[in-house]
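These are the residues of each chain, in order.
Protein chains: 4
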Amino acid sequence: MTMRRIRLAMVGGGRGAFIGGVHRMAARLDDRFELVAGALASDPQRAMDSAADLGIRGYPDFQALIATETQRADGAEAVAIVTPTHMHHAPAMAALAAGLHVICDKPLALTVAEAEEIVAAAARAGRVFVLTHNYSGYPMVRQARAMVAAGELGPIRVVQVEYAQDWLSTKLEDSGHKQATWRVDPARAGMGGSLGDVGTHAHHLAEYVTGLAVEQVLAEVHSFVAGRRVDDNAHLLLRFTNGARGMLWACQVAPGNENALRLRVYGEHGGLAWSQEHPNQLVHTPLGEAGRCLARGAGALHPAATHATRIPAGHPEGYLEGFAQLYRDAAEQITAMGEGRLPDPLSATTPTAEDGLRGMRFIAAAIASARAGSVWTALQPS
Amino acid sequence: MTMRRIRLAMVGGGRGAFIGGVHRMAARLDDRFELVAGALASDPQRAMDSAADLGIRGYPDFQALIATETQRADGAEAVAIVTPTHMHHAPAMAALAAGLHVICDKPLALTVAEAEEIVAAAARAGRVFVLTHNYSGYPMVRQARAMVAAGELGPIRVVQVEYAQDWLSTKLEDSGHKQATWRVDPARAGMGGSLGDVGTHAHHLAEYVTGLAVEQVLAEVHSFVAGRRVDDNAHLLLRFTNGARGMLWACQVAPGNENALRLRVYGEHGGLAWSQEHPNQLVHTPLGEAGRCLARGAGALHPAATHATRIPAGHPEGYLEGFAQLYRDAAEQITAMGEGRLPDPLSATTPTAEDGLRGMRFIAAAIASARAGSVWTALQPS
Amino acid sequence: MTMRRIRLAMVGGGRGAFIGGVHRMAARLDDRFELVAGALASDPQRAMDSAADLGIRGYPDFQALIATETQRADGAEAVAIVTPTHMHHAPAMAALAAGLHVICDKPLALTVAEAEEIVAAAARAGRVFVLTHNYSGYPMVRQARAMVAAGELGPIRVVQVEYAQDWLSTKLEDSGHKQATWRVDPARAGMGGSLGDVGTHAHHLAEYVTGLAVEQVLAEVHSFVAGRRVDDNAHLLLRFTNGARGMLWACQVAPGNENALRLRVYGEHGGLAWSQEHPNQLVHTPLGEAGRCLARGAGALHPAATHATRIPAGHPEGYLEGFAQLYRDAAEQITAMGEGRLPDPLSATTPTAEDGLRGMRFIAAAIASARAGSVWTALQPS
Amino acid sequence: MTMRRIRLAMVGGGRGAFIGGVHRMAARLDDRFELVAGALASDPQRAMDSAADLGIRGYPDFQALIATETQRADGAEAVAIVTPTHMHHAPAMAALAAGLHVICDKPLALTVAEAEEIVAAAARAGRVFVLTHNYSGYPMVRQARAMVAAGELGPIRVVQVEYAQDWLSTKLEDSGHKQATWRVDPARAGMGGSLGDVGTHAHHLAEYVTGLAVEQVLAEVHSFVAGRRVDDNAHLLLRFTNGARGMLWACQVAPGNENALRLRVYGEHGGLAWSQEHPNQLVHTPLGEAGRCLARGAGALHPAATHATRIPAGHPEGYLEGFAQLYRDAAEQITAMGEGRLPDPLSATTPTAEDGLRGMRFIAAAIASARAGSVWTALQPS
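Protein chains in written order, with our numbering: chain D, 1 to 382; chain R, 383 to 764; chain H, 765 to 1146; chain Z, 1147 to 1528.
Chain D on its own, in the form it takes in the complex (with noise of 0.2 Å):
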């Protein structure tokens, strides 16, 4: 049986951006989408020289893209909403309002606000939106989350997740580099650096696995870089639904770090470790017990990491295989719906709108606290 392939318009992404290309490949890895549209600058002419360098129509903005694409029999089911994050809400809301099911780039939008009317919109539409928090894609993490869920680690007690980096450890704003140029803009990023852009991953990621809500945090946060406009490294204290305690680190500064985020589990009855940077590996280590690598692709795994695999163990997938299995849950999400039924549940778990505001109110609740002093700020409840 021919699987149908969704035909995918997108936001952003054009020339000399850099996520845009990774949820290309990422939607082309599955073959479960088809890319025929973009307005993929903000300048309408860079927009049109993108589109045709892809092959693909172009519009000169998202309005134009929305309003044309859903008069076509073949026009676009779903947009990838790729753009600096300030031009996250105005594309999402229109294209809920047309529709089209939605998959946008990470952090939600700029504020709380936005975010809000972001998920009364997925609401109201109907449509299947999912939020790129990707590396809630990388098989392993997904058996991480099904350990926990099983019972395995027994209660959590301790949470302690990082994602540090070293891109921005000098002024690199200043230079003219594209990514960190936005990134360090407050009007571009909202008003958190690291916390928003790594920050809200590591917070996602910890909240993903344990299947436990932060439901409080405590905040210090500081720019290193002297004249920078949003705080390039973060120390948090996190207190979780159940009782647990953790702690989480966002950071820009910190040499030798790449893409360095981290995290580690621990319950009454065991702990587990994973990083991005080996994503292929997971060390389960129960009490007692010697600890145990468990690799991605080899027997006896639980079926939400095997349903995130491509290929058999020893041969790594990564980061753009991590990435399309958002995509191919979203394809599943997508074709479900159309047919009247649900989907998979283990296509079910990827992230949503609802993520997104989490990770509004998480940056938010983190600002706060560390404005006052660094005290103890509940997060807004969902």
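These are calculated hints, taken from the structure and not from any lab test.
From the derived model, a few chain R residues whose C-beta atoms are all more than 10 Å from chain Z:
1. Asp-435
2. Met-475
3. Ala-531
Among the chain Z residues that face chain D by a calculated CB cut under 10 Å, a handful are:
4. Glu-1435
5. Arg-1438
6. Ala-1444
7. Ala-1446
Backbone N, C-alpha and C fix where the C-beta goes; we use that ideal spot for every residue, glycine too.
Place chains R, H and Z on chain D using the hints.
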């Protein structure tokens, strides 16, 4: 400027196959190929059904595919051969005769004689021929090759290479396991078991990185699993053209090794170590200095490595990306040939039919050495 | 020239004790001490029996030991105090008053007040006082300290330190386990549980390597095991004198962590990472360059590291050698004092009573911060 | 009960020597030996001066030492021979003839004939003879041996062992480096260079852990450094008594390898991997299950491992502790012999003169194989 996609047909890789799906993902990742047709199975009905699954033009056999596709204006320009080894020679010869470019899985053929015919045919045809010794597509393998070529290690003295697996530790072929069954059948896989399946990868990698040719081998080969018809362990001593010495271990009965392809190269001034299961790192040990961990995507790598990289440092690329690199390089070679220019030299290092012939001679020499009681045996020169 | 061995007495460390045996091996390794006497247990008979085991002069209590040994021409010149924490103050004060040098296990005392008295007494006595924060004896810790001091990392920005264990994951103290029992009894171990037992090591290590003082802490401390009387997990934020920020995690309920003391230090120009469980390596990550693995015993290390090394690179030294380094340094300090000269500066970096006081203030500030609901709390300055 | 210390003399190990100091630290660590006398250098004056340094009875040569010490009531009971290889035979024969126990560095002797004489003499004398193949003293090596012996891996199929160094990558012997000079002089080190210095360690370790004997070797040996008089690289194939196959690599010109002794053993049901540079871990890979990292000191290890352990898990023991284990075991053997009882069986696995003879036959067979053009060569059976 839009990159035109090359129209690709596939021979083999239908329902139940493994490596065909890998080739398709690899071909798709960088969007330089469009799969248009296939003769995907030896059984005509399964071939047609498999093509329908993929929504491409189906053919009952490769003869029909080649006959028809070469007549169509929009017919395939290249063919990927992903059948078991004994089915490489016939479609390769036919495709070359018809003027198609060929991307062929390894080992090249069943015998040295077959391989020699393919090499001659490829030379006559003047078409691109890429053999998927896929590990040569990893960025850090290319970095290693460039470092040796630049003399950063000095004259090479010692090469230690190994490819160990464990999946044939028991007599899996008796269980009906599809991959196991043909790989241990000399009629379908050739006379080398572990030698052909993984040993040729190790042999190619050693030569690819060092730029040296294996001149003589001395082998002890063995089947540890009772009743197995091909070797499942091979221990080789190597002598290289420049006087370097080496060891090569190929094994499919080493519990705990999934795809443990590892290469270490030592020269007068330094060493290199690389492991396929953690492909984004390359350890460089200059004599008398602290060891360095070079990371894919980081600054100061050779252009050969950067050329083979898609995403920034710290976000791991894996097996599929390495495999895709051969497809991307093949696309550049094919495109350049169509445009009457030389390809980008960085794209021109892909393994060829000649490499496949070297691999067949490597197997033949190893088997001959072992049968003679482990004596030094020269590889037939190319 | 023969090195004269220093005559050593021991308080605590009799039958059934753990750390006493470690001190004896450490004292013996470099042959700079001769154990001559002991008051090895709180029970007089066990004290005498334990001394007989070792073939040394036995005493029923430390008062008798000090009274007699100080009268003998061949009496002890130094005393090692290896009792549970609540038994440090009395023998330390008595030994100093009697003019003996003191080597004392950590934490220094039960309370800040006790610690202050010991510091004052040590100053009055003019004797050598070494506190066995033994991890500062590892060669690569000294290398790290020397690198920071030499400015190789630039100004320090972020310090991440942790010491995690798992041996108290269950209520081991109810099983009669000797080590567990006193360490979770506030009357014998002080008010810090994990804070005192492992947190003070982490605190000292961070200060020792960076040369910075922790100025303020903010703490969340917790007992996960029901009924436990002291903390078994502590999460701290740190502010250092120069504006650096840090995190400290002390935990005894993290399955899979045996003695996982880990330090990472990040400056403007580079980072360092060290792990106690693999103490012979130090990873140095200069900003923008490939990471380097510095190895104990290798060339080009700082004299401070070489000073603390016994055997060549590649042959691992471990915990006992690190511990022995403090004894070796103490021997040099004592010898130099006896000879009326300054000790070798490389031997003069051992932890002191002042460090012990800092540790007590660290615990006190952490507990105070936590009790106040996690507020920034200044450490009393020294 | 006081453990009586055994009185030890030393031959070799004076000023400027390396391994003598290691033996002394090893002998001292567990307090079972007292060094009382020495003939510490071949030059009589240096011998006497070196003894004075240590505060022990000095002798100008080993003959004088043995003559006098055996007449003293408090004379040495055992002698440690730590001279270059060509000086092992004479003092070993003399010591055994005088009824002294012997602890001798490896390789045992200069030639097979010498080694045979020592074996015969040791048998006649009925004294304890321990050869310091020190790596057999590591707890996790003993654990590995116990696991194989208990059948936990099933019948052994493949053994991969290697010992690589880099310190002879240049012609260090021309610089006057004391260690290098004698080790590459066939008159002092024997005919094996890397074979004798590190290859015999690898050979012993493989046999010690597997309990199998190497029956045949096939060797390619080489000197990469121009003008070097002994091999600096050796590549061997191995055939074991039970049909297992193996590879052995001994090298002293591999940059980045300090003392990289590594052993991997694969049986029908599982594998083991151990590396001397991280000796506290042993990786166990049961077929079809997740790999496990066994840690020294942790629960559920074999008594053979626990017997060789001093301190708890997570606090690394290293080279000196492993070396000391042979001394501790020797002390138990000597004590038991004096008491007319059998030693603790866990102490009775130390390498013997017979192992030393096997090592000499291993070197001889490897050299013979290589000289004959790499042919299978049987080791002379013991």
